[in-house]
Amino acid sequence: MNSYVPEKTYDEMFDPQGQARPHYASLQNFFGELGAEELQRRRRAADLSFLHQGVTFTVYGHEDSTEKVFPYDIVPRIITAREWNQIEEGLKQRITALNLFLSDIYHVGKIIKDKVLPAHLIYSCRHYLRQMRGVKVPKNVYVSIVGTDLVRADDGQFYVLEDNLRVPSGVSYMLANRKVMRETFPTLFSKYEVRSVDSYSQALLMTLRSLSNLHHAEPTVVVLTPGIYNSAYYEHALLAREMGVQLVEGRDLLVHDNVVYMKTTSGLRRVDVIYRRLDDDFIDPLAFRPDSALGVPGLFNAYRHGKVTLANSIGTGVADDKALYAYVPQIIKYYLKQDPILPNVQTYILTDPKQREHVLANIDKLVIKAVGESGGYGMLIGPHSTKKEQEEMAAAVRKEPRNFIAQPTLDLSQAPCQIGESLVPRRIDLRPYVLYGEKIRIVPGGLTRVALKEGSLVVNSSQGGGSKDTWVLAEDKQ
Amino acid sequence: MNNTMLSRVADHLYWFGRYVERAEHTARVLNVQAHLALEESTERRKRKLADMLKALRQPDLEVKDFEDAAYQMALDPQNFASVRSCVRMARENARQVRERISSEMWTQINRIHLSVSSSEQAELFQNRPNQFYYEVLTELHLVSGLTDSTVSRDQAWHFVQVGRWLERSGLLVTLLETYLQESWEKNYLDWLGLLKCATAFEAFRKTLGVELNPIKLIDFLMLNDRFPHALHFSLLQLRRALSELASETENRKSKELDRLVGKMHHDLEYARAEEILGGDLLEFFNRYRQDLMAVHSMVYGLYISWEVEF
Chain A
1 MNSYVPEKTY
11 DEMFDPQGQA
21 RPHYASLQNF
31 FGELGAEELQ
41 RRRRAADLSF
51 LHQGVTFTVY
61 GHEDSTEKVF
71 PYDIVPRIIT
81 AREWNQIEEG
91 LKQRITALNL
101 FLSDIYHVGK
111 IIKDKVLPAH
121 LIYSCRHYLR
131 QMRGVKVPKN
141 VYVSIVGTDL
151 VRADDGQFYV
161 LEDNLRVPSG
171 VSYMLANRKV
181 MRETFPTLFS
191 KYEVRSVDSY
201 SQALLMTLRS
211 LSNLHHAEPT
221 VVVLTPGIYN
231 SAYYEHALLA
241 REMGVQLVEG
251 RDLLVHDNVV
261 YMKTTSGLRR
271 VDVIYRRLDD
281 DFIDPLAFRP
291 DSALGVPGLF
301 NAYRHGKVTL
311 ANSIGTGVAD
321 DKALYAYVPQ
331 IIKYYLKQDP
341 ILPNVQTYIL
351 TDPKQREHVL
361 ANIDKLVIKA
371 VGESGGYGML
381 IGPHSTKKEQ
391 EEMAAAVRKE
401 PRNFIAQPTL
411 DLSQAPCQIG
421 ESLVPRRIDL
431 RPYVLYGEKI
441 RIVPGGLTRV
451 ALKEGSLVVN
461 SSQGGGSKDT
471 WVLAEDKQ
Chain B
479 MNNTMLSRVA
489 DHLYWFGRYV
499 ERAEHTARVL
509 NVQAHLALEE
519 STERRKRKLA
529 DMLKALRQPD
539 LEVKDFEDAA
549 YQMALDPQNF
559 ASVRSCVRMA
569 RENARQVRER
579 ISSEMWTQIN
589 RIHLSVSSSE
599 QAELFQNRPN
609 QFYYEVLTEL
619 HLVSGLTDST
629 VSRDQAWHFV
639 QVGRWLERSG
649 LLVTLLETYL
659 QESWEKNYLD
669 WLGLLKCATA
679 FEAFRKTLGV
689 ELNPIKLIDF
699 LMLNDRFPHA
709 LHFSLLQLRR
719 ALSELASETE
729 NRKSKELDRL
739 VGKMHHDLEY
749 ARAEEILGGD
759 LLEFFNRYRQ
769 DLMAVHSMVY
779 GLYISWEVEF
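Line by line, the protein sequences are chains A and B.
The numbering used here puts the first residue of the first sequence at 1, with every later residue one more than the last.
The numbering used here puts the first residue of the second sequence at 479, with every later residue one more than the last.
Bear in mind the hints are in silico, worked out from the structure with no lab data behind them.
Careful: at least some of the hints might be erroneous.
Label-pair ranges, simulated between beta-carbon atoms [what the hints assert, rightly or not]:
1. B/T616 with A/A45: 19 to 27 Å
2. B/R730 with A/G306: 27 to 35 Å
3. B/D703 with A/K68: 46 to 54 Å
4. A/Y229 with B/R767: 33 to 41 Å
Under the rule of at most 27 Å between Cα atoms (straight-line distance), these lysine-lysine pairs were calculated in the DSS-like manner [as the list claims (entries may be wrong)]:
5. A/K139 with A/K439
6. A/K337 with A/K113
7. A/K263 with B/K731
8. A/K139 with A/K113
9. A/K136 with A/K92
10. A/K263 with B/K733
These figures come from a predicted structure and were not determined experimentally.
Built from N, CA and C at the ideal position, the CB exists for glycine as well.
From just these sequences and the hints, can you work out the full model?
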């Protein structure tokens, strides 16, 4: 711990004077007393635990190594009760507003008529699906499972970086991290009151059940996965197992008379709610991509007739479009008449000529993101880029300004990570998971993603990111 | 609702059971035969090598000697019949149904997979093959033990059992067929080897004494209904698993399958070793193997790849 040299940004553990923040003091003592050798021993035990559990993800584009253990860090990240309260309230507010927004734009479009949002922004988004217009969605809930990306900037404030409203992943790493940490540092837990995250699967099942349109007591819920070659297959299997429901692939389902069935050893069984981990495009070859072999022909029609619930609904990606993101504060104000509790990161809309010219003039200082991409692909980090990359990006922006947004380069907060023999600062973010059913449920915790490469600001697992266990404290001691 | 099982999942569980059994059998036969061949003449060693490959259903495998055969059948990732490949397939099937098996089972099969693919185990195989087989077999037994002790006796378990006992029956048939054929003169060591390939040596001695001859071997390895690696016992287990499945799934079309397995059982229950040996042994094994294949097809038709009708 002595060799730890914080960089000049908000440090989760140390205050600017180099003193451990009060909620990190016990952790500092614990690691100090543990000693380097014992720490290495625990790390190896934790490595084995992850490997043997098969906590893996799939990397695309690597033929030889399709399955990898998700990189993790063994120093937990601690969030105080007070910080969590604000996060929780902010997330509740946000998901409520975004659901109202989706319902509005797929029906009357009041927000467009009232000129809060430019119509072209919505209708030009490739995730806005005309097929969904006028569809009555079960319980009027569009987004029931969200993983919102938060970052803490150097002012110590949490900002929303991204709403993931389609098929957010990573919750299994939250669960696996905690499981391994409990085995690795049992005594450290006893020095804190850490809130449990184990109820996530139970909460998910209750949320999914509450969305069923049918009136029988025990609706049949399934998890729909693209299969074992999907990068998040481990997670799909884990959630199905913990909820005690079937993990189905497209080929296990069929639709007859707008009713969805699964093929079982005792014949066909009706399915009421589908937690689908398949993108919109692939869900039904009749309605969307005809070349999709993963989906279920006729599923969309069954959904439109209210015979089955899909979570999340289809076409929700329009609300987490990176250009639309800039308007979320207005969306919250419009539907809820409230100020946003969690602020947005400042975002430039590049279809606006004035903003675009400002961005292009300062391209070396800003981050430019493709609006349709996720997972850290299609992104330029100005200060870390070459002249050539900047020029290419500028040309792409001029050609299709709607496809990009720009944000200031954020100084993500840092936390200590054990890399090699020593503790070093690395940039982190936070992805809590929000469930929206008959009520809103947020499990206290989330996935803290870490940019494991020195100096890197990209935390995505596909780009060399890892994760750490996230502890939300039950109570703040004075 | 928890009684529901996807047909695809049943398929994977069934093959999981089969591959675990196959891996275990292959490792044991290699260990026993390679060990026994050490004290043989060159000529007999050659014959034993050919027999071993036949018993493992790889009569055409090109091998230089016992060591080479053992490597190809134990660790060669290119050979789909090797222990390593069987373990990989068992693990692949388990991976597809992780949510339906216990975490203990998954962790264990994943561990074996990582271990037989590691350079440490390859080294162990080179230097101390005995220890290698001992470890692999122990780890595989642990899979079966965990399957028995951590899973409810529901459909998932029964499908694994169907796979396991069907596979064991088939492997036993090939094993017996190979070693009971009078193609060359067999001695005490050969019979001993056959018993050990079925982990039956000690149990045999306790039941039938020290003298070894084909009649006694048939009596024990085929007709005994109490020993887990005997044909009769395996069929009883298969029959029980199938009947549990029929009632769990409330399948009304399982009559035909029930009839077939009942007939197979009957044939073993009332047979006498002298009659089997006196009759056409090859014909007996051939028919039995065809019956097993028919069981496999019927299980598929009933539970796994059935036709949808509205």
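We went through each hint and held it up to the structure:
1. B/T616 with A/A45: 19 to 27 Å: 22 Å, holds
2. B/R730 with A/G306: 27 to 35 Å: Once the Cβ atoms are compared, 33 Å apart, the range 27 to 35 Å for A/G306 and B/R730 holds.
3. B/D703 with A/K68: 46 to 54 Å: Since the Cβ atoms of B/D703 and A/K68 sit about 49 Å apart, the hinted range of 46 to 54 Å holds.
4. A/Y229 with B/R767: 33 to 41 Å: The hinted range 33 to 41 Å holds for A/Y229 and B/R767, with Cβ atoms some 35 Å apart.
5. A/K139 with A/K439: Roughly 11 Å separates the two Cα atoms, so the pair holds.
6. A/K337 with A/K113: This hinted pair holds, its Cα atoms lying about 17 Å apart.
7. A/K263 with B/K731: 17 Å, holds
8. A/K139 with A/K113: Holds - the C-alpha atoms of A/K113 and A/K139 are around 25 Å apart, at most 27 Å.
9. A/K136 with A/K92: Holds - the C-alpha atoms of A/K92 and A/K136 are around 23 Å apart, at most 27 Å.
10. A/K263 with B/K733: Answer holds: A/K263 to B/K733 is near 21 Å, not above 27 Å.
Of the numbered hints given earlier, the model fails none.
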